[in-house]
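Protein sequences appear in the order of chains A and B. Under our numbering, read the first sequence as residues 1 to 115, first letter to last. Under our numbering, read the second sequence as residues 116 to 229, first letter to last.
Just so you know, not all the hints are guaranteed correct.
For lysine-lysine, the following DSS-like pairs were computed, each having C-alpha atoms within a straight-line distance of at most 30 angstroms [to be verified]:
(1) B/LYS183 <-> B/LYS116
(2) A/LYS38 <-> B/LYS116
(3) B/LYS116 <-> A/LYS18
(4) B/LYS116 <-> B/LYS157
Because the hints were derived from the structure by calculation, they are not lab data.
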Amino acid sequence: DTEVTQTPKHLVMGMTNKKSLKCEQHMGHRAMYWYKQKAKKPPELMFVYSYEKLSINESVPSRFSPECPNSSLLNLHLHALQPEDSALYLCASSRPGLNSNQPQHFGDGTRLSIL
Amino acid sequence: KQEVTQIPAALSVPEGENLVLNCSFTDSAIYNLQWFRQDPGKGLTSLLLIQSSQREQTSGRLNASLDKSSGRSTLYIAASQPGDSATYLCAVSDRGSTLGRLYFGRGTQLTVWP
Chain A
1 DTEVTQTPKH
11 LVMGMTNKKS
21 LKCEQHMGHR
31 AMYWYKQKAK
41 KPPELMFVYS
51 YEKLSINESV
61 PSRFSPECPN
71 SSLLNLHLHA
81 LQPEDSALYL
91 CASSRPGLNS
101 NQPQHFGDGT
111 RLSIL
Chain B
116 KQEVTQIPAA
126 LSVPEGENLV
136 LNCSFTDSAI
146 YNLQWFRQDP
156 GKGLTSLLLI
166 QSSQREQTSG
176 RLNASLDKSS
186 GRSTLYIAAS
196 QPGDSATYLC
206 AVSDRGSTLG
216 RLYFGRGTQL
226 TVWP
């Protein structure tokens, strides 16, 4: 069982829909991450939150909107997605440290399919 | 920019063999290196983390080594089992980032057959 919980596990949506992906951890971690992973490719970093503040945005299109309402929760709001956005979306968390030597813990991901 | 390469891309072996998976990275200024396992359609499970000051870490049948100066790591799997079949990813935490940005390799897809 993973300590990072992602919901839903699977999501199918049309290009005009609005939906949200959720991520939750109760390990006291203050850094949380969203990654996108296409089939047979490594995960690609999308966003990093540190102490509930957005610290890194890897030039992700605005149809992806992250939100960190508190230290345990991370959301990814989706609107007007394209078929190429179909992928596995992974959430991770870690203790932020000056030396960034903390391991990242990943959830099981949300499999997103855009029709 | 840090680049991580994993060799081989795929490996198929009979049960019981000892295996070595390789990972190399271009910039030796790292905080740590992590090995992950990923089952099809699933998230990443952390197997081992080696800090930059360490040479190796062991967990059960797994042993990971790190040679930071040459930019190499190996994951050794002893007495492989069909349940070890998965994709193995290595990732480095680059010293250029203060927020634990990970750079991933493309993975080694391992199949262990009975």
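Verification of the supplied hints:
no.: 1; hint: B/LYS183 <-> B/LYS116; verdict: holds (16 angstroms)
no.: 2; hint: A/LYS38 <-> B/LYS116; verdict: holds (21 angstroms)
no.: 3; hint: B/LYS116 <-> A/LYS18; verdict: violated (35 angstroms)
no.: 4; hint: B/LYS116 <-> B/LYS157; verdict: holds (28 angstroms)
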